[in-house]
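A.B. asks: Listed here are the chains, written in short residue letters.
Protein chains: 2
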Amino acid sequence: MNPPGLENAIDLSLDEGLLIHILLKKGAMSRTDLARELDCSRAKSGELVNALIERGLLAEVNNDSRTRSRLVNLDPDFGYIAGIDVGTTSLDVGVSDMTGEVIARYSTESAVEDGPDIVLGEAIAFINGVLEQEGVGVEKLRSIGIGLPGPVRFPSFSVIGDHFLPGWEGHEVHYLLQPAFPKAVIVVDNDANIMALGSQHKGLGKDYQNFIFVKVGTGIGAGVIINGKLLRGATSCAGHIGHTCVDFSGPYCRCGNQGCLEAMAGGPAIARKAMQAVADGESDLLAEYMEQNNGVLTAVDVGEAAAKGDETSLGIFRDAGRMIGYVLAGVANVVNPEIIVVGGGVSKSGYQMLTAVRRAILKRSYPFVTVNLPVRYSPIIDDVGVYGCIALASDWLFRVEGESLEALC
Amino acid sequence: MNPPGLENAIDLSLDEGLLIHILLKKGAMSRTDLARELDCSRAKSGELVNALIERGLLAEVNNDSRTRSRLVNLDPDFGYIAGIDVGTTSLDVGVSDMTGEVIARYSTESAVEDGPDIVLGEAIAFINGVLEQEGVGVEKLRSIGIGLPGPVRFPSFSVIGDHFLPGWEGHEVHYLLQPAFPKAVIVVDNDANIMALGSQHKGLGKDYQNFIFVKVGTGIGAGVIINGKLLRGATSCAGHIGHTCVDFSGPYCRCGNQGCLEAMAGGPAIARKAMQAVADGESDLLAEYMEQNNGVLTAVDVGEAAAKGDETSLGIFRDAGRMIGYVLAGVANVVNPEIIVVGGGVSKSGYQMLTAVRRAILKRSYPFVTVNLPVRYSPIIDDVGVYGCIALASDWLFRVEGESLEALC
Numbered sequence: 001m002n003p004p005g006l007e008n009a010i011d012l013s014l015d016e017g018l019l020i021h022i023l024l025k026k027g028a029m030s031r032t033d034l035a036r037e038l039d040c041s042r043a044k045s046g047e048l049v050n051a052l053i054e055r056g057l058l059a060e061v062n063n064d065s066r067t068r069s070r071l072v073n074l075d076p077d078f079g080y081i082a083g084i085d086v087g088t089t090s091l092d093v094g095v096s097d098m099t100g101e102v103i104a105r106y107s108t109e110s111a112v113e114d115g116p117d118i119v120l121g122e123a124i125a126f127i128n129g130v131l132e133q134e135g136v137g138v139e140k141l142r143s144i145g146i147g148l149p150g151p152v153r154f155p156s157f158s159v160i161g162d163h164f165l166p167g168w169e170g171h172e173v174h175y176l177l178q179p180a181f182p183k184a185v186i187v188v189d190n191d192a193n194i195m196a197l198g199s200q201h202k203g204l205g206k207d208y209q210n211f212i213f214v215k216v217g218t219g220i221g222a223g224v225i226i227n228g229k230l231l232r233g234a235t236s237c238a239g240h241i242g243h244t245c246v247d248f249s250g251p252y253c254r255c256g257n258q259g260c261l262e263a264m265a266g267g268p269a270i271a272r273k274a275m276q277a278v279a280d281g282e283s284d285l286l287a288e289y290m291e292q293n294n295g296v297l298t299a300v301d302v303g304e305a306a307a308k309g310d311e312t313s314l315g316i317f318r319d320a321g322r323m324i325g326y327v328l329a330g331v332a333n334v335v336n337p338e339i340i341v342v343g344g345g346v347s348k349s350g351y352q353m354l355t356a357v358r359r360a361i362l363k364r365s366y367p368f369v370t371v372n373l374p375v376r377y378s379p380i381i382d383d384v385g386v387y388g389c390i391a392l393a394s395d396w397l398f399r400v401e402g403e404s405l406e407a408l409c
Numbered sequence: 001m002n003p004p005g006l007e008n009a010i011d012l013s014l015d016e017g018l019l020i021h022i023l024l025k026k027g028a029m030s031r032t033d034l035a036r037e038l039d040c041s042r043a044k045s046g047e048l049v050n051a052l053i054e055r056g057l058l059a060e061v062n063n064d065s066r067t068r069s070r071l072v073n074l075d076p077d078f079g080y081i082a083g084i085d086v087g088t089t090s091l092d093v094g095v096s097d098m099t100g101e102v103i104a105r106y107s108t109e110s111a112v113e114d115g116p117d118i119v120l121g122e123a124i125a126f127i128n129g130v131l132e133q134e135g136v137g138v139e140k141l142r143s144i145g146i147g148l149p150g151p152v153r154f155p156s157f158s159v160i161g162d163h164f165l166p167g168w169e170g171h172e173v174h175y176l177l178q179p180a181f182p183k184a185v186i187v188v189d190n191d192a193n194i195m196a197l198g199s200q201h202k203g204l205g206k207d208y209q210n211f212i213f214v215k216v217g218t219g220i221g222a223g224v225i226i227n228g229k230l231l232r233g234a235t236s237c238a239g240h241i242g243h244t245c246v247d248f249s250g251p252y253c254r255c256g257n258q259g260c261l262e263a264m265a266g267g268p269a270i271a272r273k274a275m276q277a278v279a280d281g282e283s284d285l286l287a288e289y290m291e292q293n294n295g296v297l298t299a300v301d302v303g304e305a306a307a308k309g310d311e312t313s314l315g316i317f318r319d320a321g322r323m324i325g326y327v328l329a330g331v332a333n334v335v336n337p338e339i340i341v342v343g344g345g346v347s348k349s350g351y352q353m354l355t356a357v358r359r360a361i362l363k364r365s366y367p368f369v370t371v372n373l374p375v376r377y378s379p380i381i382d383d384v385g386v387y388g389c390i391a392l393a394s395d396w397l398f399r400v401e402g403e404s405l406e407a408l409c
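Those sequence lines, one after another, are chains A and B.
The working numbering puts the first sequence at residues 1 to 409.
The working numbering puts the second sequence at residues 1 to 409.
Honestly, the hints are just simulated from the structure, not real lab data.
Computed from a prediction, not measured in an experiment: that's the story for all the values here.
One or more of the hints may lead you astray.
One copy or two, either will do: identical chains are not told apart, so a pair holds if it fits within one copy or between any two.
What the hints assert, rightly or not - With a Cα cut of at most 20 Å, we get these calculated SDA-like pairs of lysine to any residue:
{"no.": "1", "residue 1": "Lys363", "residue 2": "Val246"}
{"no.": "2", "residue 1": "Lys229", "residue 2": "Ala407"}
{"no.": "3", "residue 1": "Lys183", "residue 2": "Ser156"}
{"no.": "4", "residue 1": "Lys44", "residue 2": "Gln258"}
{"no.": "5", "residue 1": "Lys229", "residue 2": "Gln209"}
{"no.": "6", "residue 1": "Lys229", "residue 2": "Tyr208"}
{"no.": "7", "residue 1": "Lys308", "residue 2": "Tyr351"}
{"no.": "8", "residue 1": "Lys229", "residue 2": "Glu338"}
{"no.": "9", "residue 1": "Lys183", "residue 2": "Asp11"}
{"no.": "10", "residue 1": "Lys363", "residue 2": "Asn257"}
{"no.": "11", "residue 1": "Lys229", "residue 2": "Leu408"}
{"no.": "12", "residue 1": "Lys363", "residue 2": "Pro251"}
{"no.": "13", "residue 1": "Lys206", "residue 2": "Ala125"}
{"no.": "14", "residue 1": "Lys363", "residue 2": "Gln258"}
{"no.": "15", "residue 1": "Lys308", "residue 2": "Phe78"}
This is chain A alone, in the form it adopts within the complex:
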């Protein structure tokens, strides 16, 4: 029933799993500090560390400059982790060492509708190039995390439906990657979930146990972290806020419904409104961009025009932000998070949108939930997806009583 790849996971005892989990989260540590974190004796932590060094999973990395005690961490020689963040119009790949430190990055424009062969083929070529440069074989790639811009059933990792990912149904992802990297664990999840994990590991989410990461790109989605753990929901569809209807007479959405948030405020909607504005003679700057681009505009063009102060473009982003904020008001009322982090391609287009998001949240929500709720752009916007893929891949490389480290959170 499980897709191929999971059998490559490394079995650990509960104590070993907790120890590696701590190192992945907090970095290199002395045996004494590990004992404190694990709430066990120094002798016990030493014993665990030595056994894991014996297995090649841990290594002594360097000395603590203060106490001169030796620090241990995941062994860099054990292998590499890859993160593949597939966007609707972009592909981001990162290769990290065992500690999650990214050693090589690749970003390109890419069309998800080209299908898994082409998109993943490009990722495989990049990863192979990195391994070659490092002078190691493909068997050293230990785990791969993949983010897809659509719902993914967990933990079978199959794509749910095909309305966002034509040609990606079933276990395509595994069957393509497994032959290339026969020793790797392969894990797939929805992109907004992945970004929430990235934010939790290396972004604003680091300091919070309860937060929401909102991705605004071609699609709009959220990853919800509750008590430090990603919420996946009954059918692996938690966080699908982009498909909450905001206007019954709005445009049809890729999901089949009408007036969904993402059909009203996602990248293509922003581009559509800008093109309509050009047709209505409302913006000379947008008209100029459109002529340069063979009669087409993208959300990136509208963002550039907004950055130059184009009122029409600013208005389009404010409208999008307001609609996103209305939906987030309801989300905040349910979850009562500590912070909302906003990321994704469209969020790069300036602060006007974020201001509108904040105002709309305040206007439509319960004051005690939102009056002190920070709503901020993700500062690691370009890398948060790759970081999340690598974090997920690291958690699933190890297995404690049949479960990934994710379950230990």
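Chain A is fixed; fit chain B onto it per the hints.
C.D. replies: Chain B alone, transformed into the frame defined by chain A:
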């Protein structure tokens, strides 16, 4: 910093806490079955049980008819638990034995704005009567759980703001109850949270780890259970779905905002619309009820008229259900629950509302989240609050490393 009462909690080791938690959830059990549940040896479970019998917390209750082994459970002689469910217009009190079995119930109309002295005075009088009848002193009341129709800060148990509970601010609840029951632990929570706990212990929520309980009464709120645990949120306000705006030009809400769901679809809104319909000459039946009631209508009257087929009343409930469903669509998209359970006073007014709720959820949500999502009325509608109060009180009577059993979920 803690309000009085918590010092009465009984300290347990982690194993003892887990054992009592299992008995509270599953009822009487043999030492062998307890060993299986605890994943420990039969000798260890026997040892734990004997120590707890020694302390007067457990007792042998009867024999398993099948295996003839002796069953153990919480000792009925140890004392009693009280649940006080304060509604905006009602008061429900229950007294249970240590196993959560309710032995006495009291229900009355009551106005929360009369303040804690009067409302809780009535509850105290009832509980004292029960203890007297049982022939025991007040020191036998071991724990009290109270549900209030407004937000409660957890775990300080103080009322947040005063817009729903005038006169109930601060620690009033504790300072009133503590002198009456000096040996009791006293725990306070929001009513929708309490109902979710009641549903989890004795209602439809029993079979689910992830569900939403929606209370539709004077106010509208939700209790959200994720991975078997109540979600309280960053400022103890999770589940406040009644204050999501559904109409910017709608009536002002008690919270200060405009057009909140509860101002549009709660009990008073239903009554207001019915009285408007009478003024507009739309319903003879409602006009008749209104004349009988000295010119006033309540949601209960509208429910009675709806049950008799009055089209105007049915329309009012359908409209209310539709608005509730629109907000729940957004809630479902975020949480992706296994089931939504609807309860509260207004939900007793017939199935037309539920049908409208279901249709609206389907119309406005992501199909993969809601197409197979059951949305059902709570079958224990009158008791779910009292059950929840008792469940919360039982969890907080015991303390493991400074935390209630709730934290063990």
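A.B. asks: State for each hint whether it applies.
C.D. replies: Each hint, compared with the structure:
no., hint, result
1, Lys363 / Val246, "both (15 Å within a copy, 11 Å between copies)"
2, Lys229 / Ala407, "both (8 Å within a copy, 16 Å between copies)"
3, Lys183 / Ser156, "within (19 Å within a copy, 52 Å between copies)"
4, Lys44 / Gln258, "neither (59 Å within a copy, 60 Å between copies)"
5, Lys229 / Gln209, "both (8 Å within a copy, 15 Å between copies)"
6, Lys229 / Tyr208, "both (11 Å within a copy, 19 Å between copies)"
7, Lys308 / Tyr351, "within (13 Å within a copy, 56 Å between copies)"
8, Lys229 / Glu338, "both (14 Å within a copy, 18 Å between copies)"
9, Lys183 / Asp11, "within (14 Å within a copy, 49 Å between copies)"
10, Lys363 / Asn257, "between (26 Å within a copy, 8 Å between copies)"
11, Lys229 / Leu408, "both (9 Å within a copy, 16 Å between copies)"
12, Lys363 / Pro251, "between (25 Å within a copy, 14 Å between copies)"
13, Lys206 / Ala125, "neither (32 Å within a copy, 50 Å between copies)"
14, Lys363 / Gln258, "between (24 Å within a copy, 9 Å between copies)"
15, Lys308 / Phe78, "neither (49 Å within a copy, 74 Å between copies)"
Violated hints, listed in ascending order, are 4, 13 and 15; each of the other numbered hints is respected by the structure.
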